[in-house]
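These protein sequence lines are chains A and B, in that order.
For what it's worth, the working numbering labels the leading residue of the first sequence as 39, then goes sequentially.
For what it's worth, the working numbering labels the leading residue of the second sequence as 39, then goes sequentially.
Watch out, some of these pointers could steer you wrong.
Here are the simulated DSBU-like cross-link-like pairs (lysine-lysine), alpha carbons at most 30 angstroms apart as the crow flies [said to hold, decoys possible]: (1) Lys116(A) with Lys96(B); (2) Lys243(A) with Lys243(B); (3) Lys243(A) with Lys92(B); (4) Lys70(B) with Lys116(A); (5) Lys96(B) with Lys70(A); (6) Lys116(B) with Lys243(A); (7) Lys96(A) with Lys108(A); (8) Lys116(A) with Lys243(A); (9) Lys96(A) with Lys70(B); (10) Lys92(B) with Lys108(A).
Coverage of chain B stretches by chain A, computed from C-beta distances (three or more under 8 angstroms per stretch; other residues unrestricted) [stated by the list, open to error]: (11) 96-102; (12) 110-119; (13) 172-184.
Think of the hints as simulated: they come from the structure by calculation, not from any bench.
Just so you know, even glycine gets a beta-carbon here, dropped at the ideal spot from N, CA and C.
2 protein chains.
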Amino acid sequence: MDQKINLEGFTILDDTRGLLIKASHRLHAHFKEQFSLETIEQYIFESYELLDAKSEIKIYLPSLTERFAKDRLHALLKSAHPEESDTIDILFVCVHNSGRSQMAEGFMAQLGGDRVVVRSAGSAPRATLSAEVIHAMAEVGIDIRQEFPKPLTDEIVRASDAVITMGCGDACPVYPGKLYQDWEIENPADQSIDVVRVIRDEIEKRVEALLAELISANR
Amino acid sequence: MDQKINLEGFTILDDTRGLLIKASHRLHAHFKEQFSLETIEQYIFESYELLDAKSEIKIYLPSLTERFAKDRLHALLKSAHPEESDTIDILFVCVHNSGRSQMAEGFMAQLGGDRVVVRSAGSAPRATLSAEVIHAMAEVGIDIRQEFPKPLTDEIVRASDAVITMGCGDACPVYPGKLYQDWEIENPADQSIDVVRVIRDEIEKRVEALLAELISANR
């Protein structure tokens with residue numbers, strides 16, 4: 039089992055390691071034209087470590103890791119071959135990736151449909167999404183219960199055609215050729231549901247305007 | 039607003055109705071080559087009524103409705119133009135769609151990857167998935183928290199290349215040209231986590247064998 043050698047640095051329980059190896063093989067079936075199994079395992083184990091550092095509910099970590107690693111590998115392909123992509127890749131970044139950037143991602147995914155690939159990240163991700171934020175989004179018909187806070191990773195920034203920051207300060211690396219916007223939006227963390235609703239509606243308006251701008255620039 | 043006329047039969051709160059109309063427009067953007075807005079609205083409102091009858095948590099209903107209706111419309115396309123599809127469509131049916139069929143769907147989606155489209159349904163769907171079933175699947179790296187019990191609908195049976203029933207009796211309509219199997223698997227409803235784990239492992243083995251059979255028959 040040669041591919042295990044370069045994973046020895048990771049201190050992971052055997053059961054979890056088995057699940058992550060299986061996940062690597064599944065992603066390899068999906069990406070077999072593009073990435074070696076070794077590259078995929080490296081991404082899987084690194085993604086696990088990134089999520090594990092902040093996670094409270096360990097039982098879902100292997101499946102969240104698989105989703106996160108898959109998304110990172112898609113981003114790697116997009117940044118390597120942007121000419122082969124016909125979607126607009128949009129990244130929303132806030133501090134915790136548990137409120138503002140999750141709401142913006144939810145609205146953009148719904149409004150943009152097949153034209154966009156939307157991602158979100160936090161400069162200091164929390165363990166879970168805010169319950170008030172999940173509720174406020176459900177009220178407008180968007181179910182974000184399956185989302186989870188994620189750290190900012192380089193390949194996802196590189197893959198993005200537009201990067202929108204909301205109060206994450208200087209944590210974002212800057213690459214040329216992208217649209218950058220910094221939105222001043224109140225932090226919904228630990229706010230009442232009424233305040234969260236106001237923030238939600240503000241984010242919806244800005245997402246609508248951004249999508250119109252991106253579509254018109256992309257024509 | 040002509041398209042509202044044929045929706046008058048549905049008794050739905052105005053807020054929810056607004057969300058469902060918006061969802062119809064989004065699905066129309068996705069399916070605009072294939073379906074009229076009127077057809078899509080009919081599917082959305084009918085899907086809402088089907089889910090509403092059993093649902094306990096009303097706040098997620100509009101977004102679940104959109105997912106269910108989208109899936110039904112994809113099934114309608116597949117059954118109308120099977121020659122344009124290069125996936126194997128598989129349907130698992132049990133009584134409540136809260137345990138066995140959900141586990142089978144989770145394993146098949148993970149094992150089959152891009153080669154399959156997997157759906158599940160219940161002959162008498164429950165309000166929610168079993169908590170023990172969600173937990174047991176998380177233990178093997180499969181996150182099914184976002185799933186929800188759904189009734190059996192005609193277009194989804196028609197779209198399926200294989201229909202696997204688990205104790206739903208005579209509730210399944212039968213169409214020619216499909217693979218039918220009835221699996222005798224204990225019902226995990228109201229069982230302990232230890233019993234659920236045994237059922238889970240049995241389902242995994244059967245799903246693996248079924249996938250191998252379908253792939254070899256499809257070559």
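Hint by hint, here is what the structure shows:
no.	hint	verdict
1	Lys116(A) with Lys96(B)	violated (38 angstroms)
2	Lys243(A) with Lys243(B)	violated (49 angstroms)
3	Lys243(A) with Lys92(B)	violated (34 angstroms)
4	Lys70(B) with Lys116(A)	holds (27 angstroms)
5	Lys96(B) with Lys70(A)	violated (42 angstroms)
6	Lys116(B) with Lys243(A)	violated (36 angstroms)
7	Lys96(A) with Lys108(A)	holds (19 angstroms)
8	Lys116(A) with Lys243(A)	holds (28 angstroms)
9	Lys96(A) with Lys70(B)	violated (42 angstroms)
10	Lys92(B) with Lys108(A)	violated (34 angstroms)
11	96-102	holds (count 5)
12	110-119	violated (count 0)
13	172-184	holds (count 9)
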